[in-house]
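Asker: Please build the complete structure, drawing on both the sequences and the hints.
Line by line, the protein sequences give chains A and B. Each residue of the first sequence is one higher than the last, beginning at 0 in numbering that gives the first Met the number 0. Each residue of the second sequence is one higher than the last, beginning at 0 in numbering that gives the first Met the number 0.
Wrong hints could be hidden among the right ones.
20 Å max Cα-Cα, derived EDC-like pairs, lysine to aspartate or glutamate [stated by the list, open to error]:
hint: 1; chain 1: A; residue 1: 226; chain 2: B; residue 2: 282
hint: 2; chain 1: B; residue 1: 109; chain 2: B; residue 2: 72
hint: 3; chain 1: B; residue 1: 226; chain 2: A; residue 2: 283
hint: 4; chain 1: B; residue 1: 335; chain 2: B; residue 2: 283
hint: 5; chain 1: A; residue 1: 227; chain 2: B; residue 2: 282
hint: 6; chain 1: B; residue 1: 227; chain 2: A; residue 2: 282
hint: 7; chain 1: B; residue 1: 227; chain 2: A; residue 2: 105
hint: 8; chain 1: A; residue 1: 271; chain 2: A; residue 2: 105
hint: 9; chain 1: B; residue 1: 226; chain 2: A; residue 2: 287
hint: 10; chain 1: B; residue 1: 226; chain 2: A; residue 2: 282
It is worth saying that the hints were derived from the structure and are not from the lab. This one's a predicted model, so the numbers in the text were calculated from it and none came from an experiment.
There are 2 protein chains.
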Amino acid sequence: MQINGTEYRSVWFEQGRLKMIDQNLLPFEFGIKEFSSYMEVAAAIREMTVRGAPAIGAAGAYGIALAALCSPDEKFRTYLRNAREELLSTRPTAIDLSNGVNYVYESTIKFIPDFPHARQVAVLAAQEYAHKSEMDCLELGIVGSALIQDGFRILTHCNAGALATVDHGTALSVIRQAHKQGKNIFVYVDETRPRFQGARLTAFELQQEGIPHAIITDSAAGFYFWKKEIDIVITGADRICLNGDIANKIGTYEKAVLAQVHKVPFYVAAPKSTFDLTCAKGEDIPIEIRDEDEIKRFNGNWLANPSSAALNPAFDITPESLITGIITSSGIFAAKEAAQRV
Amino acid sequence: MQINGTEYRSVWFEQGRLKMIDQNLLPFEFGIKEFSSYMEVAAAIREMTVRGAPAIGAAGAYGIALAALCSPDEKFRTYLRNAREELLSTRPTAIDLSNGVNYVYESTIKFIPDFPHARQVAVLAAQEYAHKSEMDCLELGIVGSALIQDGFRILTHCNAGALATVDHGTALSVIRQAHKQGKNIFVYVDETRPRFQGARLTAFELQQEGIPHAIITDSAAGFYFWKKEIDIVITGADRICLNGDIANKIGTYEKAVLAQVHKVPFYVAAPKSTFDLTCAKGEDIPIEIRDEDEIKRFNGNWLANPSSAALNPAFDITPESLITGIITSSGIFAAKEAAQRV
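Answerer: Written out as structure tokens, the structure reads:
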């Protein structure tokens with residue numbers, strides 16, 4: 000992605016260290032954080048320095064690579080196992096995390112006790128995972144752009160952008176490609192409470208790309224559906240089940256219900272790492288409940304009555320019956336067939 | 000309403016001045032503002048020192064009374080006409096404002112040129128209007144409480160509380176009465192972006208009353224519908240049309256759609272001043288578009304990408320087909336019959 004004229008990825012490996020754009024600072028400040036241990040990477044995933052299912056998958060993959068680089072030979076297997084457990088415990092909903100972590104872990108431990116090669120493989124496997132994820136996102140954008148007609152007004156929720164992936168994005172990869180093709184488009188950006196990933200990150204990415212857009216409160220989408228001013232909805236996903244149900248950022252389900260009621264197509268864009276072939280249906284996906292403080296305060300300032308409780312589910316489930324199709328790098332599939340066909 | 004053990008109304012008249020609880024400060028600070036001219040009252044309505052359809056109706060009524068008290072005899076009619084125009088221009092959607100303003104205006108000008116009596120009548124008419132509005136809200140709460148069963152989990156949007164009315168509230172009047180009757184209830188409080196009237200004001204009122212509740216982001220209601228953890232939705236209204244369509248705070252429409260899809264009853268609670276017998280249907284209601292800054296900043300702090308635009312419709316329309324019933328002091332009516340029956 001271009002940020003103020005320079006090309007960036009959201010996460011990348013450089014001289015033995017993992018680097019990430021600090022997504023908690025954006026768009027008010029731009030900063031890069033460096034990580035040299037898996038513990039630091041786990042903390043960064045928990046604190047959402049990096050967020051977005053494909054991006055945390057890559058961060059987890061690199062976290063295992065850092066563990067391999069840091070581990071003493073004599074404790075290599077235990078150290079890597081602990082790193083895997085710690086990284087997987089950070090966030091429960093996005094399946095990309097375990098796909099990234101497990102891919103590098105499995106690739107690496109095969110080389111024990113050849114520790115120098117195991118370390119080399121760990122880094123290469125993480126880089127391969129990230130590169131593949133980036134390619135997947137670029138390709139699904141090209142595939143999905145066929146859905147976008149000139150003049151379309153698109154609704155998206157949360158940030159399914161380059162920042163949420165290694166690069167390009169999922170929903171925003173589709174939108175970027177449509178824009179590159181010269182189609183006139185307009186994007187309604189749900190602000191996405193409580194952490195404002197839409198208002199902060201999606202709006203920032205669209206502004207950097209010069210794509211016309213406006214931020215709306217999450218509750219205002221219904222008004223624009225009612226006015227018939229939304230032609231298509233595209234979101235990302237944190238996990239896609241065998242039956243086509245998905246988990247995505249809290250609020251996605253409401254937009255899917257509204258889209259169906261208003262006969263507006265609702266698409267999910269996702270790389271292959273977001274499919275969970277062991278998960279039968281949406282009810283089986285663990286939903287992360289985050290701290291109520293995310294709702295009640297922002298940057299230390301109170302937004303809500305301090306002595307009231309708040310409930311903060313970070314994701315919700317959208318059943319396959321509400322999904323018009325899933326956009327992948329292999330094609331656009333009906334939700335219930337997508338897991339079999341990607 | 001009780002606030003920290005003392006009994007308050009949201010707006011009241013005392014020693015020739017209008018007093019209001021400053022709703023922009025709550026719940027972080029508690030302050031009372033005093034007004035001695037209609038221009039100050041108009042500014043307070045615009046800036047949302049007072050908000051909520053029935054409360055701004057009473058504020059508008061008192062605004063005309065202040066105009067009558069301030070006006071010189073020789074310009075009385077012009078002064079009152081200007082006051083009426085200025086007050087009516089402050090906010091376009093809530094019909095209570097014009098009901099309150101016009102009631103006092105019409106009552107007063109009949110006495111011209113008997114200016115001492117006209118002034119006396121202006122104050123009495125405003126007080127009568129406010130008192131009637133307060134009674135109406137108390138009564139509709141008693142009527143509506145019959146809908147609330149023991150154990151109900153209630154969703155409400157925005158603040159339809161004592162603060163939004165002279166006292167008691169609309170949706171919260173129903174909830175207060177159910178609580179007083181000893182029913183175990185739990186209230187999901189939509190935070191209500193962009194101005195957080197739910198998270199700030201509704202949560203504060205429920206906490207003051209000791210009613211169990213939790214704040215949720217506006218987008219999270221769908222998740223709790225999906226989990227079958229919402230038994231009834233009750234909101235207020237800013238205007239009710241002849242055909243039963245209503246305008247209410249942005250986001251209400253989305254909750255009504257979700258309620259219907261999940262077969263959860265959706266009720267609107269409103270005093271008689273919220274009915275507009277000149278408005279045929281929802282499409283005819285003017286929707287106030289407020290400043291984008293309300294979305295992008297809170298108390299001076301940026302929440303969103305500063306150089307992106309934002310769209311800030313303050314209300315949306317919920318069609319009568321999504322409304323199970325309208326709770327009034329005269330009874331609970333089907334939406335399409337309510338305007339004829341109140």
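Asker: Indicate, hint by hint, whether the structure satisfies it.
Answerer: Here's how the hints hold up against the structure:
1. A:226 with B:282: holds (10 Å)
2. B:109 with B:72: With a Cα-Cα distance of about 14 Å, the restraint between residue 109 of chain B and residue 72 of chain B holds, given a limit of 20 Å.
3. B:226 with A:283: Judged against 20 Å, a Cα distance of about 13 Å means the pair holds.
4. B:335 with B:283: holds (16 Å)
5. A:227 with B:282: Satisfied, since the Cα-Cα distance of roughly 13 Å is no more than 20 Å.
6. B:227 with A:282: holds (13 Å)
7. B:227 with A:105: violated (41 Å)
8. A:271 with A:105: holds (18 Å)
9. B:226 with A:287: It holds: about 15 Å lies between the C-alpha atoms, which stays within 20 Å.
10. B:226 with A:282: Status holds; Cα separation ~10 Å.
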